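Participant: Spelled out, the chains give:
2 protein chains.
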Amino acid sequence: MNVLDVDSIKKAMASIDILPAIEAGFVAYSEGRAVVPPVGELLFESPPGEVHIKYGYLAGDSYYVIKIATGFYDNPRLNLPSNNGMMLLFSQRTGELDSILLDEGYLTEVRTAAAGAIAAKYAGPRKVHRIGIVGTGGQARIQLRYLSFVTDCRKVMVWGRQEAKLGLYKEEMEAEGYSVDVTLDTGEIAAECNLIVTTTPSTTPLLTVGQIRKGTHITAVGSDTPEKQELDSAILKAANVVVADSITQCLERGEISRAIQNGVLTAKDPVELGDVITGKARGRTDDDQITVADLTGVAVQDIQIATAVHEAIKD
Amino acid sequence: MNVLDVDSIKKAMASIDILPAIEAGFVAYSEGRAVVPPVGELLFESPPGEVHIKYGYLAGDSYYVIKIATGFYDNPRLNLPSNNGMMLLFSQRTGELDSILLDEGYLTEVRTAAAGAIAAKYAGPRKVHRIGIVGTGGQARIQLRYLSFVTDCRKVMVWGRQEAKLGLYKEEMEAEGYSVDVTLDTGEIAAECNLIVTTTPSTTPLLTVGQIRKGTHITAVGSDTPEKQELDSAILKAANVVVADSITQCLERGEISRAIQNGVLTAKDPVELGDVITGKARGRTDDDQITVADLTGVAVQDIQIATAVHEAIKD
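For the record, the sequence lines run as chains A and B.
Here the first sequence stands for residues 1 to 315, numbered as in this note's numbering.
Here the second sequence stands for residues 1 to 315, numbered as in this note's numbering.
To be clear, the hints were calculated from the coordinates, so they are not data collected in a lab.
Just so it is clear, the structure is predicted and the values come from calculations on it, not from any experiment.
Mixed in with the good hints there might be a few duds.
Since the list can't tell identical chains apart, any single copy or any two copies may satisfy a pair.
[Unchecked claim] With a straight-line cut-off of 25 Å between C-alpha atoms, the simulated DMTMM-like cross-links for lysine to aspartate or glutamate are: (1) 314 / 74; (2) 10 / 109; (3) 165 / 104; (4) 10 / 98; (5) 155 / 288.
Based on the provided sequences and hints, a complete structural model is requested.
Facilitator: Structure representation (structure tokens):
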């Protein structure tokens, strides 16, 4: 049995080709081979906190995974991060605990970024002129890094509300080899970029349909609750293809659920990412189409990344 | 953050006075101060296995606890135990992981035995002539050990189906200072003992109402599913007091649920252990009464024992 801290996990991740593993997870999910029970939850009032327990397995696989993710929102006052997390990996054959991954939420960040890259690979434009990033936080950084696995484009425009955060983002990502312009106007992102990733916890739309040019792909990763919304629902209506990581889940939360509530989309409109990967559902078919991917986060991503880390370090 | 293996946990338990902690847990539960969401479950077909995730906290306490218990029933073929388990203890203030208790199911054994002792303390006869143990497994041993905290009686009669296992039980428990007789007839247990603990996975009653003498207390710990049953339901009907660890849970599984199904008990008949401890509900009131305690296992016991171990080792 292994106990890994976040530094060891980051080291292990450097040698892992995670995209194929996460792709295989989405395929298994869309093919109905994933067993993912409802999320367990604990809520605390004072200080305000929440705990989510996500767990499941792929039928016929070697492991099952339990992920515990926490959000305690007074933590910054104690100089602690609000979000934390760990994953436990057990044998499907004996039930034994094989690995404790004390990743502090890092693997959730990575599996979310990997899903963004996969969405861009299957629904994004063939030729990316410029990448638009909406938001300046952790996902705004890691999404860009993982897009490098599926596009050669290193030209970036980033939107944020605070110039200081934009400056920091530009500095950090340029040090990693990107060319970054900053803007306070999402219209500029829409005008300049044909691959856009939105990464904010916004509850009001940041991009409107009139701004979006033909051929654009947008991946929305910020909206993971019923309240959050980053995209004008009219964008989903105008899109030729709307991809969901999990249709079931996207009917409950995220951009798709909002667009359905707003009456511009029906539950039959979205296609599922795993089905687009296998070709069972149609993704982008020409360079002028507008495409949207709504990623709310599926437990199968956690299962796949925990398995990949365990397999990498077990010998 | 601590990671403790089962040997370290056993060592820590030696210095812990667990009964008051578990008693306080039952009181908190009956007073509505425990937050215990529904149990999470994963099932596997081949090899057959099951995983239960139990979690919760006491409002205003320092920690919350997640317990993962597994049963993989082909494990003995691999020379591995069928049952395994671990507990995770986190801070209610920050969400941070404070202890990983790799107890392999040991703490579940202990908290179950502690509940047996508490039931005997509050509902058992003042003077115990002889202790009757039904079953020869792990709980048959540890229940006896924990009863020593609440009674001076060391005279024991044990029932089992296999003479070899009875012999082993007698040998082991006599080495620990008990005087043990063995029997293949539960009628002898009923005739000789006024404090009886049933610890088997039986699905047909092992004790019948005609056998039970006045003044007897029976604690049933074996029946933890809707299918299992150790006591003739007529015993519960004849009992002056029927105590449940959790009334809600005992309506779904265990002896009480069976007696209600059989129409000899109503949902209003049982009293809850936490209420008996505080005196809110009436337990045994005289030496001639027959009393029954039905223990199905409550997450609050896990919370309390994990907390006690963590507090003992954290310095």
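Participant: Which of the numbered hints above does this structure break?
Facilitator: Hint check: nothing fails, all pass.
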